[in-house]
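Participant: Two independent chains are provided; combine them into the complex using the hints.
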Amino acid sequence: MFKNLKQSLILTVFTIMLFGLIYPLFIFAVAQLMPDRSIGSPVTVNGKTIGFENIGQSFTDEKYFMGRPSAVGYNAASAGGSNKGPSNPDYLAEVQARIDTFIFHNPDVRKEDIPSEMVTASGSGLDPHISPQGACIQISRIAKKRNLNTDQLKELIRNNTEEPLLGLFGMKRVNVLKLNIALDKLK
Amino acid sequence: MNTEILSIIIIFIASVITAYPLGRYISRVFKGEKTFLDFFAPLENFIFRIAKINPDKEMDWKENMKAMLTINFIWFLWAMLILSLQNLLFWNPDNIAAMEPTQAFHTAVSFMTNTNLQHYSGETGASYLSQLLVFCFLQFVSAGTGIAVVALLFKGLSNKSGSNLGNFYNLMLKSCTRILLPLAIVLAVILLINGTPMTFKGAEQIITLQGDTVNVARGPVAPMVAIKQLGTNGGGFFGPNSAHPFENPNFISNIADIISIIIIPVAMVSALGFYLNRMKFAKIILSVMVVGFSGLVIPSIYYEMNGNPEIEKMDISQPLGSMEGKEVRFGPASSALWGIATTCTSNGSVNSMLDSSTPVSGLMQMLGMQLNAFFGGVGVGFINKFTFIILAIFISGLMVGRTPEFLGKKIEAKEVKLAIIVALMHPLIILGGTAIASHIWSVTPNAGEFLKWLNNPSHHGFSEMFYEFSSSAANNGSGFEGLGDNTPFWNIGTGIAMLLGRFVPVIGPIAIAGFLSQKKYTPESSGSLKIDSGIFGVVLLSVVVILGALLFFPGLALGPISEFFSLTH
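Which chain is which? The protein sequence lines are A and B, in order.
Position in the first sequence counted from 1, then plus 7, gives you the numbering used here.
Position in the second sequence counted from 1, then plus 283, gives you the numbering used here.
It is possible that some hints are incorrect.
[What the hints assert, rightly or not] Computed cross-link-like contacts, DSSO-like style, restricted to lysine-lysine with a CA-CA straight-line distance of at most 30 Å: (1) B:484 with A:55; (2) B:813 with B:802; (3) B:697 with B:813; (4) A:13 with B:335; (5) A:10 with B:349; (6) A:152 with A:55; (7) B:697 with B:803; (8) B:314 with B:697; (9) B:314 with B:345; (10) B:314 with A:13; (11) B:345 with A:13; (12) A:118 with B:596; (13) A:10 with B:345; (14) B:596 with A:179; (15) B:349 with B:317; (16) B:340 with A:13; (17) B:340 with B:314; (18) B:317 with B:443; (19) B:314 with A:10; (20) B:317 with B:340; (21) B:340 with A:10; (22) B:484 with A:185; (23) A:161 with A:192; (24) A:10 with B:335; (25) A:70 with A:192; (26) A:13 with B:349; (27) A:55 with A:151; (28) A:151 with A:70.
No lab work stands behind these hints: they were computed from the structure.
Everything numeric in this text was worked out from a predicted model, so none of it was measured.
Isolated chain B, as found in the complex (with noise of 0.2 Å):
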């Protein structure tokens, strides 16, 4: 029991110190200089002369969101087309059908958006040439969207005049080659060590030793596997994601997993101390969120190990802990670290099922994506910490009365209000959409024979719902998965909460870059708030529960929060 604990302990201590000297590596990048991935430079100058862009020309603020979109726009009409034609493509060994129109949609968008929800099985949904051309593809480029926009906001933040944030273009590319690349070799190298399959054959059918015909779903899964854990995607290779014995076959690949679901955005973190040159800052940041994060892990682990009380009154012993859903290659303290890190980095991956948690883990996954404030994906979880930031200084501001400002950039109405619309939009998408989808639920006639949604009924029937639309509006992927959610209501309604949930909170952010950018800077003083504090950090904690609490509570309390009273302990 306590070597397992122990553990967990190591791999996260592991996690953070490994993402300090790859923070430095990123803020390099970001600013050009030199790394020992230049011999990456010949063929991106390449790509680049052939597009006929330039990659030092600077833009604004609006070009670069120009930018984004666009190629936002043609990478979403790309996986649209192969996904509604994959059943007459090549790399189809198992004769997969095309997606149907709404879940072609949803497939698309989910990728684009780096959310990766997915709809589909992959063994029965998704060709090897979709999930090579269409999904590998698109966790590169939707986690270097990404990264790249990061970078905007930290060239924004680091000017002392002037509109330009960098290119977008230049800055996408190059966090998938010096970036996500290496990374991703170098995991999928450790998944085929420990076991993962790489093959474009076909599922194989065999008869077991008890004499059973099985067919075994395998294909090119390492790849995939890789990136997906890196770029905080988590559309898995097979439907069970990191559960599969294949995505996952043992303690190592475990363990390898989840540092990667969280370095690079913990690496963001201290990204920004060096490239702003305020170590001090990040450390405070980075505080904040591992606090954040140990306040939901703790509990999770705790209820998972103790099991589910209604076994126990089965008078079965349960020794492992809960175990419906799980691995017994994991262990429950395990799985319940991995649940936390893949719903507070925005990854979605999971190696448990996480509709089958006990409800305090449950209800700690939905408030990882609910508050959306503790390491997040890459880069993205630190825009999202930006506008937490923003309303903090604003905040504190008023109670001290002084003029907000932020790295020597007065905060004024402009800004503030975009922060608060971003950081409305969130629980607005999350609130409204299971709202909406509560509302038809209670008003169908025998809705569940007729609508066939929910996998369990009362209170955890609500918290899958309300799951799947946090999971969206947070860019998650990871979902209840008992929701029958592959009809036309769920792929379009989450499409939309995708998003919205993925570019409001980018554009708004780097749109108060813009602005903070062009301003005047003015030397902080004895007279500014100062941020690199410690009690910034627990103004900015205290933001982000005390919002979180009220927007969500209430929903919660419908949910994990009655089903645990109602559980005997």
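Isolated chain A (complex conformation) (with noise of 0.2 Å):
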């Protein structure tokens, strides 16, 4: 038994190095090859960091295109989703809340073109995306709001949409972030 116990600890010892500490260190390394260095795909304006390629944020303001609901609010020290079933009728409630506010702010959007990512909260709360038709619909507020017209606004969305890989994996969908730079740049 004391024979086991030793040469279980000198084994223990010997893997954490090697499991623990050498090869993330190895990853690290090569986590230095890469543009950004791994440390999350920073967006800058203007010099600034205003966010990360992937990490979805919070659009209330009506000038901007809004992104799908977060059980967090967005927060990206403390993500998470709603964790509610299907049937619990306090998040049907909920959800039946969200159209209504999304009908709010877009009065001109029939309630079956809002596409069901629009007023469902994503699995982790930080969701950078939203369909082509979630952007879409928000259209004729943000022409409203900027007084820009709606093909520029169409066209914008065009081009910020990523199809999916070689056409059959994943989904078509815009990133919002992405998408509202875009869109303070157009004059």
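Facilitator: Written as structure tokens, this is what we have:
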């Protein structure tokens, strides 16, 4: 028994060094070769970091395209989903409230044109994307707020739509942060 | 829509095909034959020399299990120590507090047993030191333990006589260095290329485009995510696991992650074929697993893509399907595939919040863990299957009136008794645990406010508790995460469930292999049961399904099945 204990102890020390230190440090060394040194793909505007490419952020201002609802209010220090079940009456009331809010902000939109991702919370609470449909239904609001014409905005969404890989893997989607940065540049 | 289904078929076929050569390679590692990674040998031998371990000294099943339990106990103490002191140690840029004792116990057990059920949230509950020196380390060696014990099992089955099954220490270390480490490096680099961070910098404060101040948590994510996917661990760096955009930035990383979940469990079956030189038997087992897996995944994909009927009633179009708890970049089909892959393999990582799945998906995810026989965890997956194989052989032996035999060895009362104890332990933990939890809930006055366990009422609330114990017993680690589980009851209760769910199904089958190994070998004759026939495959599948249905149907009827009928279709 004692022999086992000593053998196990030494083996443990070496495996901790190997898999807890050397392996991560090796990956860290590889990470230094990546374009942004793997610090999370920051996005800068006018020299200031205003976000990370894949981390969604909250857009409540009507002059911006809005993203999906988030169970954690896009808190990137404590991410999470709602974990509400599909039959939960409180949850269904919340979805109804989100629909009403959306219609309030976008009075020209018919309910059946709202895609479900615009009224449901994502798993991470930080989903950076919406579907192109989710962006298109916000065009008329943004056009009014910014005095832009709708064709310009349609064009903007088309340019910012990411296609599925090889037309097969993934969904058509729009990164809301990138879309809004491009929107700010429109004159 | 159809491209989504096509894409997941391609992903699934790709994983099964890549698993085939990997199985041959694993079999060579187990047998100590030459491999292209032999340059690790000097390092391994150096470690063995200092530890005074003779890697070539073979041990019987008892000595091997003693070694396994001893080293696991040391790992547990190490994890407890670091988690309880993480506030005082280095690599803690975000000043994270120490874990309280029941949570530290739960977390230590969880990572040691390859479960990785998390009652903390990574970005607020664990320092970078804990993430690497405890979690990343344990995700390797706990997976290595699973792979090593299946190697002991293979040896026992291939022995014509004698009681030696191999050397646990040797197999454990080599499983880590030769199988897990190279794959983890490949996956980690794929993740880095796709944007997963690997930095020791703490959270960054930024001012967003519309002017809010936000802290963005990050850290040494890539290496940990790689091993959690490959070792059927599932313990994520961040709370939302692989739904978090840093852990799983795009669809390419998603494909790589899904393949990583199932590649080693599938490869283990082909490794069995190569090791015992019984490819046909391996193919029968694999077919049973693929049929079972498809039976779970197809309904789940169908219902996720169809969306939530209650939201349909609100006149909202669901072109993408059910999107609560899901990410737009993955969509419902590949989220459903992940949900079933992760529960069938005892992985437990998630790319969508399972608690918000449609009822049929929830049912299939729970069944994946409760049957625990389709793919399963690295190594231990096949060990679970082995228990069912023994039972299936026993039952078919009874049906045709012959002495049950497996690979030329007689299966007798002792082996069958052990197999039954192991097979019944799993439902006992799940049903017993859920019964206790439900009882406490029902007798506590004003339980909702007082206990704060359930995030959802009615059937779904029951499912949250049922799921938690299923996940613990199957050493899975996913959760219906709405459950308020960081309480002494859940920390200790599921801690015990994980320990039983890990060690009973390992020690029992290894003992059976030890007994079989010593028995007299009689070559198969025309009178033996043909285990590499399609009929045996059907019997095996029936044993799994009938046992599972009988044991778990009542519980499932109270949870997801009732919820399904309560939704208006």
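Participant: Could you run down the list of hints and mark each one as holding or not?
Facilitator: Verification of the supplied hints:
1. About 18 Å separates the Cα atoms of residue 484 of chain B and residue 55 of chain A, which keeps this hinted pair within 30 Å; it holds.
2. Pair hint residue 813 of chain B plus residue 802 of chain B holds up; C-alpha atoms about 19 Å apart against a cutoff of 30 Å.
3. Simply put, residue 697 of chain B and residue 813 of chain B have alpha-carbon atoms about 22 Å apart, close enough for the 30 Å limit, and the pair holds.
4. Restraint check for residue 13 of chain A and residue 335 of chain B: satisfied, since their Cα atoms lie roughly 9 Å apart, inside the 30 Å limit.
5. Proposed proximity of residue 10 of chain A and residue 349 of chain B is supported: the alpha carbons are some 11 Å apart, at most 30 Å.
6. Restraint check: the Cα-Cα separation between residue 152 of chain A and residue 55 of chain A comes to about 26 Å, which is no more than 30 Å; the hinted pair holds.
7. Between residue 697 of chain B and residue 803 of chain B the alpha-carbon distance is near 15 Å, which keeps this suggested pair within the 30 Å criterion.
8. Restraint check for residue 314 of chain B and residue 697 of chain B: the C-alpha separation of about 28 Å stays at or below 30 Å, so the hint holds.
9. Restraint check: the Cα-Cα separation between residue 314 of chain B and residue 345 of chain B comes to about 21 Å, which is no more than 30 Å; the hinted pair holds.
10. Restraint check for residue 314 of chain B and residue 13 of chain A: satisfied, since their Cα atoms lie roughly 26 Å apart, inside the 30 Å limit.
11. The straight-line distance between the Cα atoms of residue 345 of chain B and residue 13 of chain A is roughly 18 Å, inside the 30 Å bound, and the hint therefore holds.
12. Note on residue 118 of chain A and residue 596 of chain B: the hinted pairing holds, with a Cα-Cα distance of about 11 Å set against a maximum of 30 Å.
13. Proximity of residue 10 of chain A to residue 345 of chain B is assessed by CA-CA distance (about 15 Å); at most 30 Å being required, the pair is judged to hold.
14. About 25 Å separates the Cα atoms of residue 596 of chain B and residue 179 of chain A, which keeps this hinted pair within 30 Å; it holds.
15. Straight-line distance between C-alpha atoms of residue 349 of chain B and residue 317 of chain B comes to about 29 Å, which keeps the hinted pair within the 30 Å bound.
16. In summary, the hint linking residue 340 of chain B to residue 13 of chain A is supported, as the alpha carbons are separated by about 17 Å, within the 30 Å threshold.
17. Distance check on the hinted pair: residue 340 of chain B and residue 314 of chain B sit about 14 Å apart at the alpha-carbon level, within 30 Å; holds.
18. Straight-line distance between C-alpha atoms of residue 317 of chain B and residue 443 of chain B comes to about 24 Å, which keeps the hinted pair within the 30 Å bound.
19. Restraint check for residue 314 of chain B and residue 10 of chain A: the C-alpha separation of about 26 Å stays at or below 30 Å, so the hint holds.
20. For the suggested pair residue 317 of chain B and residue 340 of chain B, the alpha carbons sit about 19 Å apart, so the restraint of at most 30 Å is met.
21. Of the pairs offered as hints, the one joining residue 340 of chain B and residue 10 of chain A holds, with about 14 Å between alpha carbons and a cut-off of 30 Å not exceeded.
22. In summary, the hint linking residue 484 of chain B to residue 185 of chain A is supported, as the alpha carbons are separated by about 24 Å, within the 30 Å threshold.
23. A threshold of 30 Å between alpha carbons decides the hint, and for residue 161 of chain A with residue 192 of chain A the separation of about 15 Å falls inside it, so the pair holds.
24. Pair hint residue 10 of chain A plus residue 335 of chain B holds up; C-alpha atoms about 9 Å apart against a cutoff of 30 Å.
25. With a C-alpha separation of about 13 Å, the suggested pairing of residue 70 of chain A with residue 192 of chain A holds against the 30 Å cut-off.
26. For the hint linking residue 13 of chain A to residue 349 of chain B, the alpha-carbon distance of about 13 Å falls within 30 Å, and the restraint holds.
27. With a C-alpha separation of about 29 Å, the suggested pair residue 55 of chain A and residue 151 of chain A falls inside the 30 Å cut-off, and the hint holds.
28. Of the pairs offered as hints, the one joining residue 151 of chain A and residue 70 of chain A holds, with about 9 Å between alpha carbons and a cut-off of 30 Å not exceeded.
Every hint, counting from the list given before, is met by this structure.
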